[in-house]
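Chemist: Spelled out, the chains give:
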Amino acid sequence: MALAQPAAKKDDDREDDSEYSPFYGIEKGAVLQEARVFNDPQLDARRCAQVITKLLYLINQGETFTKIEATEVFFAVTKLFQSKDIGLRRMVYLVIKEISPSSDEVIIVTSSLMKDMNSKTDLYRANAIRVLCRITEGGLLGQIERYLKQAVVDKNPVVSSAALVSGIHLLQSNADIVKRWTNEVQEALQSKAPLVQFHALALLHQIRQNDRLAVSKLVSSLTRGTVRSPLAQCLLIRYTSQVIAESPPNLQTGDRPYYDYLEGCLRHKTEMVIFEAARAVTQLKDVTSRELTPAITVLQLFLSSSKPVLRFAAVRTLNKVAMTHPLAVTNCNIDMESLITDQNRSIATLAITTLLKTGNESSVDRLMKQITNFMSDIADEFKIVVVEAIRSLCLKFPQKYRTLMSFLSNILREEGGFEYKKAIVDSILILINEIPEAKEGGLAHLCEFIEDCEFTYLSTQILHLLGSEGPKTADPSKYIRYIYNRVILENATVRASAVSALAKFGVVVETLRPRILILLRRCLYDNDDEVRDRATLYLNLLGDGQETVQEEAQGFIFGDLGVPLANLEASLQDYEASERPFDIAAVPKDVKPQATVEKKSATSKKVGKDVSQNTTANGGLSSGPDSYEKLLNSIPEFAGFGKLFKSSPPVELTEPETEYSVNVVKHIYPGYIVFQFNCTNTIAEQLLENVAVVMEATDGDDFRFVAIKPIVSMPYGAPGQAFVTFEKPEGACSLGKFSNTLTFYVKEVDPSTGEADEEGYEDEYQLEDLEVTAADYILKTGVSNFRNTWDTLDPELECSDEYGLGARESLQEAIQAVSTILGMQPCEGTDVVPSNARSHTCLLAGQFLGGVQVLVRLSVGIDAQKQVAMKLVVRSEDRAVSSVIHEIIANA
Amino acid sequence: MEVSTPLIKNILLLDGEGKRVAVKYFSDDWPTLNAKLAFEKSVFTKTQKTSARTEAEIGMFDGYIVVYKFVSDLHFYVSGGEDENELILATVLQGFFDAVALLLRNNVEKKTVLENLDLILLCLDELVDGGIILESDANVIASRVAMRGADADVPLSEQTISQALATAKEHLARSLLK
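Chains as they are written, first to last, in full-length UniProt numbering: chain A, 1 to 892; chain B, 1 to 178.
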C-alpha cells in the first residue's frame, strides 16, 4: 500500500486520479487504529460505516491481515450489533463475511445473528441467514435448522433465496441437514419470484442428483408444467439433456424422449433460454440433421443480432457443430462471412475457423483473400487459431496447397511472437511432409524465413529439415547459400545446426561434395567449440581428401536411432542420476500416442479427446511401458533376456469383486515371455504367503517353462507381483493357451489386532485361461507419412484378402474391433469414421517382433442390413509377417 | 455428463488504467493475489482497445468467457467458465451495471464509485453469493442495497427508491468525503 505523501506536491498534477480518491494515502495501520471507534460507548454509526468501508477497500485491494489483526477487527465489529442503524448493520454483515472468522471466534456473533434471523425486518433475516450459514460449522446448524426451513418458504423472496442459496452451499459439507428440507424446497419451487424458483430448482436437483430416477421424475413433471423464471428454465434444459443422455431412444418411433420440450424452448421469449436449448440440441449424442435443423435456424438468427454477446454465443456453438456436422452449418455461411469483418475479433476468428471447416474447395480462394486483410489487426492468439484451421484445411484439400502455402509464407514474413511463428513453421513442416508437391515451394519459403529469423529454436528446426530434405530435391545446390549464410551470420547454436545440414548435402550429393568440404574447412576456425567439433567430425566422415564416402558416414549422419526421440529424452532424464552406462537398447520403442496425435489435431479440444481415448487403450498411463521396463530391469532373473519388445495391456483373470483379484501383463522378449501377475488380496482376515501362479500350456508346443518367482508375503489390500517365465524359439510368433491356478499359503489374521496366526494351510484358486495371441507380437508404432512408407515397401510382398464381418453396429465399431485385434496404431486420424459414411478406409501401422515394419490398409463398407465387408491389404518387409496378419484376422 | 448450476467465476470493476476499483472472486482458480492481478491485467489489456460502451462485449480469455461493458473511466467485467451460457453471464453484467447506475443516479465514474464504494461492494454482495446468481434485477438489487423497507419508521409504500437511496447516501456515502 502506498504510503501517504505530501498532498501539496500533487496539487498541480491534475491527471493523477488518486487525488480525487477518498482512499488517497490510506494505510492499513492507520485504519486499524481508526477501528477503535467500534469500541466507543456512544457509537457514531456514520463514522463506523466509514471505517468498515476503508477496511473492505483494503481487503479488496489485496491487503492481508495477520491472524491477530483479523481477530481484533472481528471482535470490535461484533460490538456494532448494539447500533440500531440500518446502513451500518448491512455493512457489518458484509465485513463479517469478508473477515471469515475462525470457528472458535464465530460463537461471539452467533447469538446476535440468530436474533436478527428472527427479526421482523425481512432484510435482516435474509442477511443474517447468509452470514450465519457462511461462517458456522455443522454443530450449530442443528440449532438453527428450524428457522432455515421456515425461511425457505418465507413469503419474501429475499429471505427465501438467502436460505436456498445457503442450502446449496451447505450441501457440500452438511448434506444430511439440507436433505431434510426437501418438502419446503418443493414448495419454494412454486414461488412466483423468478429467482426463488431458480434457487429452489438448483437445490432440489442437487439434493437428488445421485438418484437417477428422482431426477428423471423431476424433469418429466417440470417439462410439462410452466417454469416461469428464465434461469430456472435454463437449469431445466440442462437437467433434461442429462436425462436424455442417460435414457435410450424410443424404440418404436425412434424419437428421442424430451426432444419436443427442447424444441419448444427454442421458441421461448427470452434469448437466454433459446440459446441454452439450441446448445443442448447441438450437444445431443448422435444428433440427426432433422433434430439439428431448428436449433441451427435460431442460432443463424442470432448471428445477425446487434448484440455482440449473442453473435459470439451463436458462432461459438456453430463452430463446435461444424467439427462434427459441417454440412448442417453450411446454410449459415453467408451470415458467417459477414462476421469476418466483425468489430469483435473473437467473433471474427470463430467465424473464420468455422468457415474454414465448412467451406468447400471452390470457396477457399475467396476466403483466403478475406482472411489476409483481417490477419494484420488481430492478436497473436487468434492468429494461431487461424493458422491451425488453415493447416487442417490444406490437409483436407491438398490441391489447394499453393494458395494456402503462399498465405502461410506471407504471414510468416510479418511481425509476430514466437508461438505464432512456431505455429506457422509447424504448419509448413506438416504440409511438406504430407503433400509431396508442396515440398520445394515450402522449403524455399522456409529458406527465406531463416534469412531474417530471430528465434534460434525455429532456425535450428528448419536447418535440420533442409539438411534431410534439401539433398533429395531437383536442385540441391540452391540451398547451400542459405545454409552457409547462417554459418556466417548467426549465433553458435544456429551455426552448429547449419554445419550439420551442410554435411548432409555433402554425403548425399556427390557433385557438391568438394564445395561442401571447402565450406566445412572454413568452419574449423569458428570461435565456438561445438561448431568446430562438428566441422572436424564431418570433415573426417566425408573423407576429406579421399574420393569415396564410406557407407558408414551416410549411416551415421542419416541413420535413425531406432527409437522415438521423446522416449530417448525421457530415458536420458531418468539416466542422469544412475551409475550404470546408458544403453540405447533399453529405450522403449513404443510411440506414445500423444506425440503423434498432437501434431495432427487442429484444435486443442480434439487433442484432449484423442489422448484420453488412446491412454485408455493403453490401459492407463501408470502402467505404461516405461514403468514396466523399470520394474523388469530391477529383477536380476530377467537380465539376460535381451530387450523388452512389448508389454500387453493388463488382462483380468478374475471376476470383479472376488476374494483375490488377479490380472496379468504379458511381456514379450525375442526368446522369452514373462507373465507378470498383479495380485491383490481382498480378504482382511487373511495373510497370503508364497503366492505363485501355476501355468500349464493347454495349447501350443513352443513354450518351455523356465522359472517362477512367487510373492513372499501378501497382506490384505497390498498388491504384489508374481512372475512366470517361458522360453520360446527366438524371434518366433508362438501362439498358445494357458490354464492358470493361483497357489498360496493362507494364515488367518485377527482383524482386531492385525496379527497373523503361526500356522496356516495350503490353498489354491482357479484363474481364467490366458491366451498368447499374435497381437502380442505387434507394437503400436505410427508412421509420419503413411503413403510414402507404403510406397517404399515392395508391392510383391503385399497380401490382400476380403472378409465378411457379419452384422455390426457401425463402421466405427468394426474398425475399432479390427484394430484392437491387430494391436496396431491408426494413422492420420483415419480411425475416426465420419458419421453416416457407408464406407471407410483406415490406415494402420505397427512393428512386428524383430522390428519388421507392417502397414495395413483396412477398407470397410456397410450395407442397409448393417452387414460389414472388409478388405485387408497388408504390406511388410517380410512376406511371412504379412500372412501372419491375415491369419490373425482369419482366426479372430 | 456433469450438470452444473450457472456459476460466476469473478466480477471485476477496473479503472481506465486497469487498476482495481472493486473485485470479487468466487472461484479458487486464482489462488493468490498475483494470479488474480495477472488475470485482471490480461483481461484489461485484451479488451482495452475494444469499444464496449453501447452494447456489452464478449471474449474468451485464458480459457474463460468474459463479458464486459465500459462507461466513462470504468470497466465492468463478469467471467464464467468455458462452457457457461454466455447470455447468463451477460444478464449478470447488465444487472450489476444497471444497479450501479441506479445507486449512483447515473453518475457512474471512478470518482463517484470510490466515494460510494460501500454501495458498490454491497451491490456485488447482493448480485452473486458464492458464485451463484442471487439476484439479477437491477431494481431489486438497488433496493436491497439501500435496505429499503428495513426502516420501520417509514412504511414501505411511502418510500420511493430515490428517497431510500438518499437516506442511504446520507448515512454512509457523504461521510467518506472529509
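A portion of the hints provided could be inaccurate.
Here are the simulated SDA-like cross-link-like pairs (lysine to any residue), alpha carbons at most 20 Å apart as the crow flies [what the hints assert, rightly or not]:
| # | chain 1 | residue 1 | chain 2 | residue 2 |
| --- | --- | --- | --- | --- |
| 1 | B | Lys49 | A | Ser216 |
| 2 | A | Lys67 | B | Leu33 |
| 3 | B | Lys19 | A | Phe23 |
| 4 | A | Lys179 | B | Thr5 |
| 5 | A | Lys179 | A | Arg228 |
| 6 | B | Lys111 | A | Tyr24 |
| 7 | A | Lys192 | B | Ala138 |
| 8 | B | Lys24 | A | Ser216 |
| 9 | B | Lys46 | B | Thr5 |
FYI, nobody ran anything at the bench for these hints, they're computed from the structure.
Computed from a predicted model, the values in this text were never measured in an experiment.
Chemist: Starting from the hint list further up, note which numbers the structure goes against and sort them upward.
Modeler: The structure breaks hints 1, 5, 8, 9; every other hint is satisfied.
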